[in-house]
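Got chain A sorted already, so can you dock chain B onto it with the hints?
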Amino acid sequence: METEFTPWLSLAGGMMIGASAVLLMATNGRIAGISGLTSRIFARSTDGEARGVSALFVLGLLLAAPIWLVVSGEWPQQWVPSSPVLMAVAGLLVGFGATYGNGCTSGHGVCGISRGSMRSIVATGTFMAAAFVTVFVTRHLSGG
Amino acid sequence: MKQIFALLSGLIFGFGLIISGMSDPAKVLNFLDVFGTWDPSLAFVMGGAIAVTAPGFAWLTRSRSRPFFDTEFRIPSRTDLDPKLLTGAVLFGTGWGLGGFCPGPALTALPIAATGTLIFVPFMLAGMWLARHTPDLSMPLSKGATQ
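Residue numbers (this note's numbering), protein chains in the order written: chain A, 1 to 144; chain B, 1001 to 1147.
The following block holds chain A by itself, in its conformation from the complex (with noise of 0.2 Å):
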C-alpha cells in the first residue's frame, strides 16, 4: 500500500516532537524516552514523583488523538496491521526488546543521538537495521 511522501508535515510533527523533548529536559530534567517512561509507572522501584511525572507524560501522549478528533473532527489517518499473532509478537519484541536494551526510537533515536551518546548512535542503527531486514524478508521474500 503506498503512502503520501509529507516532507514537510514530517519535518513540522518531529520538531514538535523534539520540543517537547527539550520542554520535559528543562522542566522535569528527564530524557523523553517513551519505553524509559512507560515502564517506569509500573516498576516497583520507581519513586512516587517519577512515577506521576511519567504517568502524567503518558496521559498527555493519550489525550492527543481524542483532541485531535474534536478539534478536527476525524480521527488522525491511519492504517494498523490486524493479524492478532502478528500484532501480539510485534508488541511483545518492541516492549521487551526497548526496555532490555535502555531505548526505543524516542530516548535512543532522538535524545540520545542528540546528546552524542555512542551508545544511542549504535543501538539506534542496529534497530533500524533490524527493522529493515525485518520488513524487506516479509514483504519481499516470504511473498507477503
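In case anyone wonders, no lab produced these hints; they're calculated from the structure.
From the three backbone atoms N, C-alpha and C, an ideal C-beta is built for every residue, glycine too.
Take the hints with a grain of salt, since some may be wrong.
[Stated by the list, open to error] Now the stretches of chain A that chain B is said to cover, found in silico as 3 or more residues with beta-carbon under 8 Å:
{"id": "1", "stretch": "36 to 44"}
{"id": "2", "stretch": "65 to 72"}
{"id": "3", "stretch": "95 to 101"}
{"id": "4", "stretch": "105 to 114"}
{"id": "5", "stretch": "128 to 137"}
[Unchecked claim] The following label-pair restraints were derived from C-beta to C-beta distances:
{"id": "6", "chain 1": "B", "residue 1": "1036", "chain 2": "A", "residue 2": "45", "range": "18 to 26 Å"}
{"id": "7", "chain 1": "A", "residue 1": "45", "chain 2": "B", "residue 2": "1071", "range": "18 to 26 Å"}
{"id": "8", "chain 1": "B", "residue 1": "1066", "chain 2": "A", "residue 2": "62", "range": "26 to 34 Å"}
{"id": "9", "chain 1": "B", "residue 1": "1077", "chain 2": "A", "residue 2": "125", "range": "19 to 27 Å"}
{"id": "10", "chain 1": "B", "residue 1": "1061", "chain 2": "A", "residue 2": "125", "range": "20 to 28 Å"}
{"id": "11", "chain 1": "B", "residue 1": "1118", "chain 2": "A", "residue 2": "73", "range": "18 to 26 Å"}
{"id": "12", "chain 1": "A", "residue 1": "86", "chain 2": "B", "residue 2": "1047", "range": "24 to 32 Å"}
{"id": "13", "chain 1": "A", "residue 1": "67", "chain 2": "B", "residue 2": "1133", "range": "42 to 50 Å"}
{"id": "14", "chain 1": "A", "residue 1": "66", "chain 2": "B", "residue 2": "1059", "range": "32 to 40 Å"}
{"id": "15", "chain 1": "A", "residue 1": "137", "chain 2": "B", "residue 2": "1043", "range": "20 to 28 Å"}
{"id": "16", "chain 1": "A", "residue 1": "86", "chain 2": "B", "residue 2": "1129", "range": "29 to 37 Å"}
What follows is chain B alone, placed relative to chain A:
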C-alpha cells in the same frame, strides 16, 4: 508545576507523532520498505526532532545547572556497549518492522482503538514487564572479565 509541564510535553509529543505521520504504521512500514513502496517521510521526522533536541539539550546543560522545576538533569552517563543494548535493539527493531509501531506511536494511536493496536499495546506492556524481570544473562561473563 513540573506535573503540568510533563502532561504538556506528552501532549506536544503526541501531536508531533500525529502530524508527522509517525503514528500511522502504514507510513512507518513504507519507510522501512526501501525496495518497495518507499516513503522517506520518517527521515524528516527524525531529522526535525534531532535538529531541535540537539541544540536545545546543549543550550540547557550549558546555561543551567538544574531544570526549572527539579533538582537535576537526569542524563544517562553510561558509555559502554554491552550485549544487552545490542540484543534489545535487535529484538526491538524486529518488532518495529513487523507491526510498524514503536512505543510512542502505539500509545498515541491507542484511543483510536484499531484492533491491531488494542492487541499490540498490552503485549508491549507485558514485554516491558518481562524485560524488567529478566536478569542480564551476560553478567557472569562481564563480571569475570572486568571485576
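| task | Take the stretch 65 to 72 of chain A, compare each residue's beta carbon with every beta carbon of chain B, and decide whether three or more fall closer than 8 Å. | result | This one holds; 4 residues, not fewer than the three required, reach chain B with a Cβ under 8 Å.
| field | Coverage criterion applied to the stretch 36 to 44 of chain A (partner chain B; beta-carbon cut 8 Å; 3 residues) | value | Coverage by chain B holds here, the residue count being 4 at a Cβ distance below 8 Å.
| Pairwise beta carbon distance, residue 1036 of chain B to residue 45 of chain A, judged against the given window 18 to 26 Å | 43 Å, violated
| field | Range hint 19 to 27 Å (beta carbons of residue 1077 of chain B and residue 125 of chain A) holds or violated | value | Holds, since residue 1077 of chain B and residue 125 of chain A (Cβ atoms, about 21 Å apart) stay within the stated range.
| Honestly, do residue 86 of chain A and residue 1129 of chain B meet the 29 to 37 Å range at C-beta? | 21 Å, violated
| message | Holds or violated: the 18 to 26 Å window for the beta-carbon distance between residue 45 of chain A and residue 1071 of chain B? | response | 19 Å, holds
| message | Taking 8 Å as the Cβ threshold, is the statement that the stretch 95 to 101 of chain A is covered by chain B upheld or broken by the three-residue rule? | response | Held - the stretch 95 to 101 of chain A has 7 residues with a Cβ nearer than 8 Å to chain B, which meets the minimum of three.
| message | Does the beta carbon distance between residue 1066 of chain B and residue 62 of chain A stay inside 26 to 34 Å, or does it fall outside? | response | Given range 26 to 34 Å: holds, Cβ gap about 29 Å.
| query | That 18 to 26 Å hint for residue 1118 of chain B and residue 73 of chain A (C-beta), does it hold up? | reply | Distance hint for residue 1118 of chain B, residue 73 of chain A holds at roughly 23 Å.
| task | Closer than 8 Å, Cβ to Cβ, for at least three residues: run that test on the stretch 105 to 114 of chain A against chain B and report holds or violated. | result | Our answer is that it holds, as 9 residues pass the Cβ test (under 8 Å) against chain B, meeting three.
| said: Quick check on a hinted range of 20 to 28 Å for residue 1061 of chain B and residue 125 of chain A, using CB atoms only. | reply: Once the Cβ atoms are compared, 24 Å apart, the range 20 to 28 Å for residue 125 of chain A and residue 1061 of chain B holds.
| said: Quick check on a hinted range of 24 to 32 Å for residue 86 of chain A and residue 1047 of chain B, using CB atoms only. | reply: Holds - the Cβ-Cβ distance for residue 86 of chain A and residue 1047 of chain B, about 30 Å, lies within 24 to 32 Å.
In terms of the numbered hints stated before, the structure departs from hints 6, 13 and 16, listed from lowest to highest.
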